[in-house]
Amino acid sequence: MTNMLATGGFSINVFTDLAGMWQYAFMQHAFEAGTIVAIVSGVVGYFVVLRRLSFAAHALSHTGFAGAAAAILLGLNPLIGLLAFTGGSGLTIAVLGRRTAARDVQVGTVLAFMLGLGVLFISLYKGYATEAYSLLFGEILGISSGDVYVTLLAGVVTLAAVALLYRRLLFTSLDEDVAEAKGVSILGTGITFMLLLALATSIAVQVVGVLLIFALLVTPAAVAERLTRRPAEGMAVSVLVALMVTWSGLFIAYYLPYPVSFFITSMVFMLYILVRGVQAWRARQSNRTVAPTQS
Amino acid sequence: MTASTTSKVIISAQDVSAGYGGKAVWQHATFTINAGELVGVLGPNGVGKSTLLRLILGLNKPLAGTLEVFGAAPRRGNPRIGFVPQRRPIDAEMNIEALELVRLGVNGIKWGMSIMGSLRAERAEAMAALRQVDGEMLAYRPLGELSGGELQRVFLAQALVGNPELLLLDEPLANLDIRRERELIQLIYDVARTRNVAILLIAHDLNPLLPVADKIIYTVNGKMTMGSVDQIVTAKTLSALYGAPIEVLHDSQGRIAVLGIEEVMHHD
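Residue numbers (our numbering), protein chains in the order written: chain A, 7 to 301; chain B, 5 to 272.
I should point out that these hints are in silico values taken from the structure, not numbers from a laboratory. C-beta: ideal position from N, C-alpha, C; glycine also. Among the hints, a few may not be true.
Here are the computed distance ranges between Cβ atoms for each label pair [stated by the list, open to error]:
(1) B:Gly81 x A:Val101: 14 to 24 Å
(2) B:Tyr24 x A:Ala118: 26 to 36 Å
(3) A:Trp287 x B:Asp95: 17 to 27 Å
Sample of chain A residues with no beta-carbon within 12 Å of chain B, all distances over it, derived [unchecked claim]:
(4) Val20
(5) Phe257
(6) Tyr264
Partial list, computed: chain B residues near chain A (C-beta under 8 Å) [what the hints assert, rightly or not]:
(7) Leu61
(8) Leu63
(9) Arg80
(10) Gly81
(11) Phe87
(12) Pro89
(13) Met117
(14) Gly121
(15) Tyr144
(16) Gly152
Isolated chain A (complex conformation) (with noise of 0.2 Å):
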C-alpha cells in the first residue's frame, strides 16, 4: 500500500514537503479525490448524524462492498458496481422505513443480504484478494486520473442536490411531522437523501474503505454537532475536520509505511474523544459552580 517513495524525507517546512509529494501523479490523485470527499462526507454526514442514520450509512458502505465485488467479478470499474449496489439499498431503505423510528430493522435485513452477495461475489472471483482488501480498507493511493473525475462529478452533484434540498432536509430531519404538515413530502425527501448518502458513500469508499466510512461520514459531523448551534456553522466545521484528517492523513502516510486510512480514522476519533472530555469536564465545572449541592 504506503511506500517510502519520499526522497528528501520529512521536513519543518511543509509547502517543501507538499511539493516532494507532488511530483508523484498518484499523491496528487490522492489529495484531489481525498478534498472531493472529505467536502461532500463533511456535508452529508452532518445530515447523517442529524437524522440518526450511521447505521444506514455503515449498511450502504457494506453494500457497496458487495457491489464492488460484483463489478470486478464481471470487468467493470469497481465504482459503477458501487454506485449501482448503493443506490439500490439506499432507496429500499428508504421506502421500507419511512419513518424514522421503524428503520433500524430495514437497515439490517437489507445489510445482511448485501454482505451475503458480498461474500459470493469474492469467492467467485479467481484473482487476489487485494482486490478486496483495498475495497474493505480503502486505496486512495492507487487512485487514477480518471477516477478522480469521477469523483469529483458525483461529488458536484452531491453538493448541489444538498444545496437545493437544504431546508427540507433540515425541516424533515428536526421536525418530521411538521415538515409533513407543511406539505414537504417525507417519503421523498428521504429517498433523495438515501441516494444522495449512496453517492458519497461510493466515493468515500475508495478513500477509507468500506469498513471505516464512519471516520469520514459519521465522526467529523459527530464532532460539529457537539461544537456548533446552527446548522450551517456544524455543516462548516464538519467539512473543516473532514478535511484536516484526510489532508494530515495523506501527509503522514506519505513518510510512515502505514495506510493512509488508518491515520485518518485515528486521528478523527482522538478529536472526536477530546471534545467529548472537554465537554464532559466543562459540565462538570458549571455543575459545580451552578448547584455545589447537588451530587
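Position chain B against the provided structure of chain A, taking the given hints into account.
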C-alpha cells in the same frame, strides 16, 4: 381584525366519519368552529383525537361526510394552519438552538439555501415569534437542554410564524407540572383572544381547559360530539366519555373541578 371576522366559520364538519382502512374510529361528527374560539378535544387514548387533526391538516381523508376548513376541502400545507404535533421527547444530545427550529417555520419548505439578507430576515421573524410566547431567552439554548414546558413554547412559536388563523395543538399539556400547565394554557388562551386565532387543543384532562375553553369536542361510543363546557361537565356525560365513574364538584366561587379522570388515565 374587524368585528365581522370574529364570527367567521373556520371549520365545519357535516356527519364526518374517520378511520383507517375503511374501519371507522369515530362517526357522525357535526360541528362548527369559529374564528377566535378555543376548543378542547377531550377523551382517553385511542378514540381518534389526533385523527381529527390529521383530517383538518389534509393528511387523511374522511371516510364519509363533508369537512371544510376555511370554506374548502382540507389541503396539505395550508399556511393558514399552525400545527404542534404530539412530540416524542427530544434527544438530550440535540445541540441545535431553539431559534433554528422556529426558523424552520419561516423557511422550512423553501428550496435552496438562505443567502445573507434573507438569513437575517428569517432569524428576525423567528425571534418575533418567540417573543410572542415570552420565549426570547430560549432562542440560543440547545433544544436538548429545554424542559417540557419550554419546548412547548418553542413549538408554539414555530406554529405562530406566518400568523395562522387556526392552531392545532396535540397534547401540549402532556408531561407538564401544574404550574407550567397553567402558564401554557394561559399563553394559549391569550393567543386565541388577542390574535383571534381558532385553536383546537387535544388534552387528556379536562380540568386545565375548564376556565378557558369555549367548546369541547368529545367522543362517546364512537360518536364525536361538540358541546359547551356546561353541557359536558356533568357527571353523567363524563362517566360515559371515560367509561369510569367521574364526579363534578362546584365550589362556592363557581369554580368547577372534575374528579376521576386522572385515575382513568393512569390505569389505561
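Exercise. What hint numbers does the structure not satisfy?
Worked result: 14 and 16
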